[in-house]
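Residue numbers (the working numbering), protein chains in the order written: chain S, 319 to 713; chain Z, 319 to 713.
Think of the hints as simulated: they come from the structure by calculation, not from any bench. Be careful, since some hints might not be right.
The list treats identical chains as interchangeable, and a pair is accepted whether it falls inside one copy or across any two copies.
[To be verified] When the alpha-carbon atoms are kept at most 30 Å apart in a straight line, the in silico DSBU-like pairs for lysine-lysine are as follows: (1) K400 - K443; (2) K487 - K639; (3) K487 - K612; (4) K410 - K400; (5) K349 - K443.
There are 2 protein chains.
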Amino acid sequence: MIKLNELTFEKRTGGNEMRFLHTADWHIGKKLHGFDLLAEQKDAFCQIKQIAAAQNVDAIVIAGDLYDRAVASEDSVAVLNKMLKELNLEEKYPLLAISGNHDSAIRLETGSEWYTATEFYLKTKFSDAFEPVTLNDTQFFMLPYFQPQMARNYFQDESLKNLPEIMEKVAAAMVQEFDPTKKHVLIAHFFAAGSSHTDSETMLEVGGLNPVPVDLLEEFDYVALGHLHDKNALKHPFIHYAGSPVKFSISEAETQKGVWIVDTDPYQAKWIPLKPLNDIHVLENSFAELTDPKLYRAIPADDYVAVRLTDRAVIDDIMNKLRHYYPRIISLSRVNGRESLIADENNGGQVNLDPLELFESFFEKMTDEKPTQLQEQIVQESFEELQKGDTYETN
Amino acid sequence: MIKLNELTFEKRTGGNEMRFLHTADWHIGKKLHGFDLLAEQKDAFCQIKQIAAAQNVDAIVIAGDLYDRAVASEDSVAVLNKMLKELNLEEKYPLLAISGNHDSAIRLETGSEWYTATEFYLKTKFSDAFEPVTLNDTQFFMLPYFQPQMARNYFQDESLKNLPEIMEKVAAAMVQEFDPTKKHVLIAHFFAAGSSHTDSETMLEVGGLNPVPVDLLEEFDYVALGHLHDKNALKHPFIHYAGSPVKFSISEAETQKGVWIVDTDPYQAKWIPLKPLNDIHVLENSFAELTDPKLYRAIPADDYVAVRLTDRAVIDDIMNKLRHYYPRIISLSRVNGRESLIADENNGGQVNLDPLELFESFFEKMTDEKPTQLQEQIVQESFEELQKGDTYETN
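My request is simple: use the sequences and hints to build the entire structure.
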């Protein structure tokens, strides 16, 4: 982990090459088991600003999911508006941002026609993808999250079956717009995985969500992706997920958060980690161990704790007892015995068996393995799609 | 009624004086008894654009309630964004807009820091009111809708009891900022009525909502108000409600919609009416009259009809029968007999006894008079406040 205050400001030659910061999946408004994460998100943002300054970047790329939900709360709107204003109007960075599947493209689009005057490029429409934004030596192709039908309409081609077929056509249409004297960067928000020629195992298909094979993207010099929250979800020399700047679930407890600093010429992508304001810890211990000062004093009081209890015995009022030592306990499960997941009745409403946990529990029972982060994310997305509906439209 | 295509483009001398168009209460997203009014709103907007061009105005003032609700639908967001873009970025009008009580100040504020570069002044904060925007010979003081507590905080004065007291202080603070070589226009969104010295009858008080006495506003050369939907709610030489550009309720069936064209020097305010795309008709007739071609053929099929039935007899399936003649029937009441308000069970869901109708009915029973438009609006606002809650925050 680098310390931010040790970052030296890097001198750069004033050439035509680009250096940009690649981040994604801010999910402003996201909650972690009932806990508001705005403090963590503001802190990560502050670190991103410091890194951008220290690395002397020419632009900042945000690859979708700026908000956590289509209808963000007023607090979230105020926070994101302030962040974008700081980066673009105060710090004067050119900004390149697309809408992700969590954003409402129509809501997020507000103001975008005015933003371009200060080099804030906010793209929310499929058709935007084929008019690249050129900064220095680089053409940026900005592909917001889209529904397959939007692509079929745009290409007037109902035969396009799935995302791989669509992306083959999208990439070809973009290549048509390539200026051969420039570098070419794609900014997009989707699942990318495997290769179109490998066996079906890597071509995970869940509920019709086909991942985009990475070899369709190899015409680009760099692909700045959003959607998956762990940068390690894909290992590729120039196709990268930035991941989320904050840990958003227990399954991300061990993932390192950060941003990519990308140079176009010569090409280089450098990972710079972010330090969590309040970390997530998974403690697989007995009640006796958990209440031992040696353990609980090592955990900062504002950090989040997921407990995987090893005891089999019934312990009265356990959540309230544990909350005494771990004020931000976010989950409690038992790893031994038949009673593999319990929820205390006296938990004050903060520990819920959310759908993802139910899925995890079910998956583990069925397969004796834990779901991968990708699998969890697919289930999460699907559940959110189902939940969306029109509940906010009913009155 | 003037015909728009007969409007001649008015030549103006290129002096320093201002001519602006004053409109308000667009309420984009408003529904009329279940019927979407976007078509009517788009048509009224188109007329406003034509009037602005024909009158060769220097700026357009929108005095609050751009949206009908704090969380507007995606359709409403898309429509309002397009309208504002057309006026400011395409037609190049300076725009002066404030948030009203129906708008979420925080949501509406999105982008406002970028908008000023093209003379789109969108003010949503109480503190914005004391930094006037100067265009040509005029200082515009823009006072968004606000809660009394915001004013108490701003002035650090907890003793400010009510809106009249607050507005006295607000007006005095604005006068402090007056440039004596300029004209002074206030743009605001509140109830204004009577005078602070008349008897209590005109000082209507309902639920603590005190109207602002107009004599507090007499330091200004013009006051561009929003909130009440009928320009005739207040008669004053230079303090005007623009009213809504579209008829939003049955009680507005007879009000004329339009915009003010205001000249600063010499002062003149000219009312220019808008032609309703689909009008509202209140028909107080018998069933026999209503089904007579002489009556129903005179009503365009897309117009809205509120029926006040004079029959006492029970008529089977009356709503469906009437809908045959009046496809957009929006309400049915009986004016004779004890059964003063009925709702047909087979009405297809479009005729509801909404809270305002229940209030009207109750008010009439208790007082033998119809509530005034102001009284109705107060009840409507109060009900909406109650309804707001956090329903869109629950998942």
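Each hint, compared with the structure:
{"no.": "1", "hint": "K400 - K443", "result": "both (23 Å within a copy, 15 Å between copies)"}
{"no.": "2", "hint": "K487 - K639", "result": "neither (58 Å within a copy, 54 Å between copies)"}
{"no.": "3", "hint": "K487 - K612", "result": "neither (58 Å within a copy, 61 Å between copies)"}
{"no.": "4", "hint": "K410 - K400", "result": "both (14 Å within a copy, 27 Å between copies)"}
{"no.": "5", "hint": "K349 - K443", "result": "both (28 Å within a copy, 28 Å between copies)"}
Violation of the numbered hints given earlier is confined to hints 2 and 3; the remaining hints are satisfied by the structure.
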